[in-house]
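*Asks:* Given the structure of chain Y, go ahead and fit chains E and Z onto it with the hints provided.
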Amino acid sequence: MAQISLTVNGKTVSADVESRTLLVEMLRDKLHLTGTHVGCDTSQCGACVVQVNGMSVKACTMLAVQAEGAKVLTIEGLVNEDGSLHPMQEMFREHHALQCGYCTPGMVMSAIDLVNSHPEGLTEEQIRHGLEGNLCRCTGYHNIVKAIAAAWPIMHNKVPMAAE
Amino acid sequence: MYDFTYAKPANIADAVKTLAADAEAKALAGGMTFIPVLKQRLNKPSTVVDLSALGLNYIKLEGGKLIVGAMTPHGTVAASPEVKKALPALAELAGNIGDRQVRYRGTIGGSLANNDPSACYPAAVLALGATIKTNTRTIAADDYFQGMFTTALNPDEIITEVHFPLPEKAAYAKFANPASRYAMVGVFVAKFASGVRVAITGAGQNGVFRHAAFEAALSKSFTPDALNGITTPVDEMNADIHGSAPYRAHLVGVMAKRAVAAAG
Amino acid sequence: MVVDGIGASVKRKEDLRFLSGRGNYVDDMNRPGQAYGHFLRSDVPHGKLNKVDISAALKKPGVIAIYTGDDFAAVGGVPCGWQIHSKDGSPMVEPRHPVLAAGKVRHVGDPIALVVAETKQQAKDAAEAIILDIESLPAVANLTAALAPNAALVHDEAKGNICFDWHIGDKAAVEAGFAKAHKIVRLDLTNNRLVPNAMEPRAAIGDYDVSSGEYTLYTTSQNPHVIRLLMGAFVLGIPEHKLRVVAPDVGGGFGSKIFHYAEEAALTWAAAKVKRPIKWTADRTEAFITDAHGRDHISVAELALDAEGHFLALKVDTQANMGAYLSTFAPSVPTYLSATLLAGVYKTAAIYAEVKAVFTNTVPVDAYRGAGRPEATFLLERIVDVAAREMNMDRVEIRKKNFIPKDAFPYQTPIALQYDSGDYLATFDGALKAADYAGFEARRKAAAAKGKLRGIGISTYVEACGIAPSAVAGALGARAGLYEVANIRVHPTGSVTVFTGAHSHGQGHETTFAQLVSEQLGVPHDMIDIVHGDTGKVPFGMGTYGSRSLSVGGSAMVKAMDKIIDKGKKIAAHLMEADVHDIEFKDGKFSVVGTDKAKSFGEIALTAYVPHNYPIEELEPGLEETAFYDPKNFTYPGGCHICEVEIDPDTGVTQVINFTAVDDVGRVINPMIVEGQVQGGVAQGIGQALLEHAIYDESGQLLSGSMMDYTMPRADNIPNIFVGTETTLCTHNPLGSKGVGEVGAIGSPPAVINAVVDALRDYGVRHVDMPATAAKIWSLIDANQPKMAAE
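These protein sequences, in sequence, are chains Y, E and Z.
The opening position of the first sequence corresponds to residue -5 in our numbering, with each subsequent residue numbered one higher.
The opening position of the second sequence corresponds to residue 21 in our numbering, with each subsequent residue numbered one higher.
The opening position of the third sequence corresponds to residue 343 in our numbering, with each subsequent residue numbered one higher.
One or more hints might be untrue.
Claimed, not checked - Restricting the straight-line Cα-Cα distance to at most 25 Å, the calculated cross-link-like pairs of lysine-lysine (PhoX-like) are: (1) Z/K879 with Z/K584; (2) Z/K939 with Z/K905; (3) Y/K140 with Z/K522; (4) E/K80 with E/K64; (5) Z/K466 with E/K64; (6) Y/K24 with Z/K466; (7) E/K64 with Z/K879; (8) E/K46 with Z/K466; (9) E/K28 with Y/K65; (10) E/K59 with Z/K462; (11) E/K59 with Z/K939; (12) Z/K522 with Z/K501; (13) Z/K584 with E/K64; (14) Y/K140 with Z/K775; (15) Z/K402 with Z/K615; (16) Z/K402 with Z/K355; (17) Z/K462 with Y/K24; (18) Y/K24 with E/K28; (19) Z/K462 with E/K64; (20) Z/K748 with Z/K689.
Said to hold, decoys possible - Output of the computed footprint for chain E on chain Z, the stretches with three or more beta carbons under 8 Å from beta carbons of chain E: (21) 1047 to 1058; (22) 1113 to 1119.
Keep in mind that the hints were calculated from the coordinates and are not lab data.
This one's a predicted model, so the numbers in the text were calculated from it and none came from an experiment.
For every residue, glycine included, the Cβ atom is placed at its ideal position computed from N, Cα and C.
If we strip away everything but chain Y, and leave its shape as in the complex, we get (with noise of 0.2 Å):
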């Protein structure tokens, strides 16, 4: 056992952990943030996938002692203090890109890392091959590439987020 510190979703942290312990199972089984999922063992689904220092990384492929130090933020962090949701999360309901919810923290966790890393603009073409580490089984993507297409604009300033 090794005791490591880290910031996770904007909080210091510290946690005991194996050195075999994956960042996921660190993050759900010792902090409680079950929102991280694990739906494969080959580094596939990128169900798991969370931000460790801004960079979009799946947590399943990551061990808990690699992330000492690092600042990590998981999609319970991407909510604000009062409870409103980050863009992304608001396209994803407005556009029903998410069925049973399950692949959905880690398809938004890519897709914010996806449109900030593309502040020139993002055609379909592109978003779907930027989604090739997310596995959706339920909506087909065609409402996940919509929600992503529409966060780019609020996410990038260039409209106002509509207003519900």
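*Replies:* What follows is chains E and Z alone, placed relative to chain Y:
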């Protein structure tokens, strides 16, 4: 996963020492292949030596060569203005390895040390005739790859840099495995003043290989049509549920033409 | 006026928790004192289990207990919920399916031991110390091997590996049709085996309360009451009042979470032995070798046509893979859920089908999204396309010529079903228009100019949802009723809790059902909660599968709300001193017809719970009603799907360019959710048609046993999917709804393959079996020189 001791040395000497001290110690680079292998309990290291604190994440142009530190992630190579300018084919290749998440963590050194027969980087390294610099020596690409998952590296040897000569033209064309998105066939072509080198990944039974017939033809005429009628020996190709050996042999030709066309 | 009632695209109530990471899936739950279970599984496809030596494993750190097949000798086997009888009247061969392997292992993944330990890793570590003595036996890994003469037997009692040999239809009438045929078209086809791969792997927690003697199973299920029934009554002998089954948020099912699995019984049983909760979560790799697979049929179809292209008779001979054991609904899939649909949307005069169900050394095969109807639809829509080509007829014309006309409903097919309503020409014309079918040849030319082979494919379908009525289902072999239950609890302040036996695992029931309640009772959405997935809360239910939740479950709600309104009217009549027949309920108000006297729904609710001024002699206090709804018939959604593909002839890669679905799903409650359901189903259908294939090698090892080798559709494999609706109402349920969960997966595969074959028309390709992978298409292109001149 079996448990192990985790070590994160701060310099190369300590890393080598830790690896040398224990035959069951294994190095961890980006972990994009190694961690899934550990999860499946296919490997049981006593110590895992994390190479991320060795200061090997950099890209520089020096002496007419592109030098990439071994711990540079694929995403960094793909986005690097230096790489895009000096060796755009390499940026393009790196930008299509795995997915966005894999590219943030997977590294060139890890990919080369593992030498997965369907990895992309070995094709670039071999076609460009790069040299692999380790803590003890430099190894020419032609000597480095020794069959699938086999390299010239000693157990306690660490890749530190990869030195890429800059070609006149180069391009990589990948046909992705539909499921894993690894290269089912990946062809890297590189045209130098001295001739053309072509390396194929994904397709061969013994990992990455150079295609002598393609090289000869392209050295005479660097056009897709120069490859017309040149076949790839079927009996040297992989076969699995995603494609037969004849299909792979055929794709080698198609991807080679596409690479030549893309190189311009 | 209800603004977010029936017909409104209301945003989903469940989304907030899912989007903020506050869903509550089984693996998110932890019980006090919880231990962890791990199943040691066979890596041998078929073998004699001589010895399981757990002595060393028991000494490993953290181990609490280890159980093997011997421990389960006294409990029941995992039951099958549907019994089919063979042609000769004999019941299907139904071998015991032990909770943990006993005597033999029959497929890779067959569980041999359950290790219970303090941590997951300790359980895995200990499992490696179990010493197995398995004598490998010859295995039969596919239908052809299992049916070969002298094939190894999966179960000694199933001679020739036959589970049943069933038939349906009028053989003599079919032979007469063939005798007078102008042409007989034959097609051999395979419906490829699939792995459902809901994104959430299965998980379960078995729990036992020593003081009360109550068991609780938390499980990833589409139908917790069915699990309680099967596991309680048939396997463990636990009466219902001592067994609670909870299926909280479930991350997709697609059929694979209908079934009662051995792990559920093993964990529940073991929890009482160790007197601690035990949690198990499948790895994806484990899911590949334990979740019931789908499809896996081989069929020979023959269609007899007259000179004008009318369908005279259809004969189908199918072999259906059951896997190593009979999963819960497996026998119903190739029979009553498939063969009965062979009329499709056509007025084929005579139909006869035979189905041989076969045991193999593979994972059990059962219902997967569409369950039998995709197999029937694929067969029919492929043979219709082949017939059109061989009769030199247009694909559109041959279909139109044979459609059941809209004035023919109710329509009795020659193969058991009676369709209540439909307008196949409306969905067909709607799809042709939306897909710009007329403009296709220009697009084909444009594609050819850039070296691509473009093709278009049409598929029409009808399917059957909401298996019913229970009496008929029972006569066909179902061992349970197939009604649905709703309990509507109106609280004193007028808020409403609905307890439904349907289960939502992506369908958005919490929203759709709230719309029903809002529409009928006039209560705003924030005053309505939908509760599902807990046998401790919901009175009873049969769960969600077969696109039944709205048409059956929703109808039960309507019936229960009718009772609420009836009672409310009596209370209102009393309060307003009017005759009950003069009370009208509308927009949330009870009013006296022809007066301005009215009481709000909330006032009536309060009166029911505070019965100070109340007709207490005639009416009980309270406002809560339950309805069991047993439908009179199946519902029959139908429609037309059109797919446009481009093939790269150099690589064989097929890209779906456009997909158009125009479906008749009856009354639509939430169009946004309906579109999403169709799009998801279509993506699974495209996956089946082009990408997905569970492949066993000859020895019985699953080659496509992980997402590294089993091709899951990704965002760049799927196009935008246009969804349209053309509505005819179901005539026999109060909502007029037909069901939408499966139409996408049923209609789409033949549309894709018809498009692929169309794209390859210059290569003389008559048929391509699914999946039409790049490798397969390239080999067809490679083997067939273009026959441009001939076309």
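*Asks:* Hints first: check each against the structure and report whether it holds.
*Replies:* Results of checking the hints against the structure:
Taking the CA atoms of Z/K879 and Z/K584, the gap is about 14 Å. The hint holds against a cut of 25 Å. A threshold of 25 Å between alpha carbons decides the hint, and for Z/K939 with Z/K905 the separation of about 22 Å falls inside it, so the pair holds. Among the hinted pairs, Y/K140 with Z/K522 is inconsistent with the structure: their alpha-carbon atoms are about 54 Å apart, more than 25 Å. Between the alpha carbons of E/K80 and E/K64 the distance comes to roughly 36 Å, so the proposed pair goes past 25 Å and is violated.
For the given pair, Z/K466 sits about 14 Å from E/K64 by alpha-carbon distance, which is consistent with the 25 Å threshold. For the given pair, Y/K24 sits about 20 Å from Z/K466 by alpha-carbon distance, which is consistent with the 25 Å threshold. The hinted pair formed by E/K64 and Z/K879 fails the criterion: a straight-line CA distance of about 47 Å is larger than 25 Å. Restraint check for E/K46 and Z/K466: satisfied, since their Cα atoms lie roughly 22 Å apart, inside the 25 Å limit.
Note on E/K28 and Y/K65: the hinted pairing holds, with a Cα-Cα distance of about 19 Å set against a maximum of 25 Å. Distance restraint check for E/K59 and Z/K462: the Cα-Cα separation of roughly 13 Å lies within the 25 Å cut-off, and the hinted pair is therefore satisfied. At most 25 Å may separate the alpha-carbon atoms for a hinted pair to count; E/K59 and Z/K939 exceed this at roughly 71 Å. Annotation: proposed proximity of Z/K522 to Z/K501 is violated, straight-line Cα distance about 38 Å (limit 25 Å).
A hinted pair counts as satisfied when its Cα atoms are at most 25 Å apart, and Z/K584 with E/K64 does not qualify at roughly 45 Å. Of the supplied pair hints, the one linking Y/K140 and Z/K775 holds, its CA atoms being roughly 24 Å apart against a limit of 25 Å. This hinted pair checks out: Z/K402 and Z/K615 have alpha carbons roughly 19 Å apart, not beyond 25 Å. Of the pairs offered as hints, the one joining Z/K402 and Z/K355 is violated, with about 47 Å between alpha carbons and a cut-off of 25 Å exceeded.
For the suggested pair Z/K462 and Y/K24, the alpha carbons sit about 14 Å apart, so the restraint of at most 25 Å is met. With a C-alpha separation of about 23 Å, the suggested pair Y/K24 and E/K28 falls inside the 25 Å cut-off, and the hint holds. Between Z/K462 and E/K64 the CA atoms are separated by roughly 18 Å; this keeps the pair inside 25 Å, and the hint holds. Between Z/K748 and Z/K689 the CA atoms are separated by roughly 12 Å; this keeps the pair inside 25 Å, and the hint holds.
Residues of the stretch 1047 to 1058 of chain Z with a Cβ under 8 Å from some Cβ of chain E number 6, which satisfies the need for three, so the listed coverage holds. Counting residues of the stretch 1113 to 1119 of chain Z whose beta carbon lies closer than 8 Å to any beta carbon of chain E gives 3, which meets the minimum of three for the stated coverage.
The earlier numbered hints that this structure contradicts are 3, 4, 7, 11, 12, 13, 16.
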